[in-house]
Amino acid sequence: MSDGRYRALGKRLGRLRESIARTGRIARWEVTASAGTVDRKTAVALVVLVLAAGTAGLSVADEGLGLEREIYVVGVAEDSQYHDVAVESEQFRPVPLEDVVAESGDGNADTVALREDATVDVVVTRDGRIAHDGPNGEAAYDEFRSAVETYNANLMDRESDQAAAYPVLVSLEYRDRDLEGTTAGGTSGDGDGTADGSSGDGSGTSGGNNNGGDEPATGEDGGDEVGDGGSDDRLQVPNVGGSGASSAPGTPGSIAPPFPFDSLVLAFLFVVPMNFVIQAYGSTIMDERLNRRGELLLVSPASSREIVAGKTLPYLLALVGIVVAIAVGIDGSPLAVAAAVPIALLFLAASFTGAMFARSFKELTFVTVTISVFLTTYTFIPAIFTDVNPIALISPLTLIVMDIQGESVRFGEYLFSTGPFYLSAAVLFLLGVGVYREEDMFAQKPIPAKVLDAVANRLRGRRSVALLSVLFIPFVFAGQLLSVALLFAVPEVVAVPAVVVAAAAIEELAKSIGVYAGFARSRFDATAKTAVVLGAFSGTGFFLGEKVTHVVQFVGLPDLPVGTAAFGPAVSSDPLLLAVVFLAPLALHVVTAIISAVGASRGRTGYAVGFLAATLVHVAYNLGVLTLVA
Amino acid sequence: MAILDVTDLRKEYGGFVAVEGSSFDIERGEVFGVVGPNGAGKTTTLKMLAGLIEPTAGTAVVAGHTPGEREMARRLGFLPEESPLYEEMTAVGYLEFFADLYDVPADVATERIHDSLDRLDLEHRERRIGNMSKGMQRKVAIARALVNDPDVLIFDEPASGLDPLTTNYIIDFTRELSDEGKTIVFSAHNLFHVESICDRLIIMNDGRIVARGTLEAIREAHGGTEYHVYATVDGSDGPADADSPVEVTEENGQYRHVVADMAAVEAVREAVEAGGGRVTDIQTKTPSLEEIFLEVAGEPAETET
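Residue numbers (the numbering used here), protein chains in the order written: chain A, 1 to 630; chain B, 1 to 305.
No wet-lab data here; the hints were simulated from the structure.
Small disclaimer: the values here were computed from a predicted structure and weren't measured.
Each residue gets a CB set at the ideal place from its N, CA and C atoms; glycine is no exception.
One or more of the hints may lead you astray.
Calculated cross-link-like contacts (lysine to aspartate or glutamate; reagent style DMTMM-like; alpha-carbon spacing at most 25 Å) [stated by the list, open to error]:
1. A:K450 with B:E12
2. A:K445 with B:E54
3. B:K182 with B:D151
4. B:K134 with B:D115
5. A:K362 with B:E88
6. B:K134 with A:E438
7. A:K450 with B:E54
8. A:K11 with B:D100
9. B:K182 with B:E27
10. A:K445 with B:E81
11. B:K182 with B:E88
12. A:K11 with B:E81
Pairwise CB distance ranges (calculated) [as the list claims (entries may be wrong)]:
13. A:D525 with B:T249: 31 to 37 Å
14. B:R70 with A:A426: 21 to 27 Å
15. B:V17 with A:G14: 37 to 43 Å
16. B:V17 with A:K445: 16 to 22 Å
17. B:T56 with A:R305: 19 to 25 Å
18. B:D118 with A:D331: 57 to 63 Å
Assemble the whole structure, with the sequences as input and the hints as a guide.
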């Protein structure tokens, strides 16, 4: 390397060092200034609140909510075989039978009589009959029956001779439904005890604990053998026995979708503090905008990027600190931190952009609440399906759940989950920094107008619309994934068309918003020729960016019908088909982008019409592809 | 050599033109006034010079740098019309933060901050800014503009909304800064202040410069000196020169003749005496900047002087 290059590199490094130093100074000041706004009492109250919330969260995760603990009282003799049932069940509190029955009776069913002052819901007579009393008696009776079943199942689990405990085993295999929304082999129990491609059958039960009236099994072998529960494929074979119950084969009645309650609560702990931190962060950004307080920083040697980085850094570091503390608290691995950080980044980025767009603290409150609800929903809901379906991987929270459950996460899965979060955060910061200047910061414009300003500020000539389309890909990806997640449980006959329309509309919006902003802010001449050129650039850029979304192939999401509707079918190995599959989207994106762009050149109404037309063309294309290829 | 050079500066917001074709230059050490009615484009012009607003067209060079460049920012002190301070900080803490941001060494900053605050007579320096009076806050804002020892100071309405005592204090302080060699761009609604400290000025209206130059030159161009000749009879027939018209008003038997030069004064005197009357008084009238301002504020076109 020549001396000149060394000098140039040295200068660049020097500038970088200065930039980092300035960022650090602003960050330090931000901490000082923010600390000045909180008095000592409030600080103590906040610490207590955080500690209480953390303790409660960890406690819930550790012990459950305990809402049903000892809600029923059962009168049962200590030497009764049902006494252990009541002791093991957390819903029941056993009381001695003699304390609740009248002295005249012997405790048997034909003579038992309750005392007038007895407050029991269920009574087990000495001869083993179960009765109920009072307004809660019926519900308590049903629960006691369930408790007996669970008790028996647990005894069976501990049985060393599992073949004796479960003489008949039923293998369950969950199968995909077809696009017509019908199932091929029946969906409910048919009594044959076989698996024929349907969901769990209702019969083929093991003996001993099938329904009410059975007595608790007796004797304990203390064995710890458990059945294997099926294959290792967590996507096909769910847990049997419901949450918190046996991991061994169980009764068909106890089959329930696996719900990783404990892990989910622990994972959710990571998201809770983010909702609080963004309130403070949004306020500090808003503070700069109100009364022009940020004007003097703008005229200083610090650039907008340095100011934003400096003001963001303390909040990001605080969130990272909280995330690490939670990870340590729940024995999570670094993966939990690596999965939580992009969520924190997106929370901050969305709050920053929202605070740059809001006109008042009232609007900011609306914005931050919207962000809280949306991002919490986006991260939490998919994570519920962690043990069921790959759709769960659209949320980084799923990675945390997997980490807590001791499951390994592939790098591709990490990228798939966190990539949209990192990229969306980067784009949001980019848009926000674009309007972090005097002319936009202090202007009182409606939020949509500010969004257009932010987008238009990133336009540097016609070709830049292509870059904008690429930048919006993360939002498209996230939006489409969310539509898939939201419509996942809806019948496919409704979900698939809805996802097709939503996916098309999201893509058309991403392709056209930059062009519309350019026309609306007079960055381009509003002529049809310019619109065609811009549309072509935007469509081509989007096509190239869209290829990035093929990362979904890594996790097999297109195997889902709704996934196919959103992202298209998996690419064929046929060269001709391959060429069509690649070139057809290019043509589609260019044509629809041109339609929107021509509309956008005619003003707001024209844009709405153009956007609608482009979406319809896109929907027709998607349906055609689904019909022909899928 | 000009330390600040502006050429054809233009700023347009959508279809609205805030500043159109502004050109002027400012010499080192000069106090340069920018006056005009509300919405004339003064603040927009100053903010373009400070690098806060990007011009739609035209160029500005401040201390050898384009506005917005980091090096220019180091050499500029900007005092906006309001005092948008961080109210939760103390005055000293606030100034130290900005000194740090301008890469001023800590020991130099401490000395400079306390020197500025001494000169501005600001007490209670460790008090939170939010608990200070408006005048004290303004002094803190001025001290902030000086924390980097800038070559060029842009003061936009430095005494806006302050009581007369504080206002005079700040005007005197501005004059001191000028005496120390600072170049100051000064905007104010109070034209008396502009008149008292500015070497040159521009008057803006509807985004355009409508008058410029030294105060004397502007006076010359917009009204100049008038002579009021009071007499017992009408002597307006005296001056025959059409370029020196005589404006006569009569009140309580006294005739006031307003003329533009001494020759016309002499002609009026002769005509009065010829008419059997006598001149009772002759006064010289110089228009104030305010009067000139009111006169040119409605002028759409620039007047070169």
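Violating hint indices (sorted, rising): 11, 12, 13
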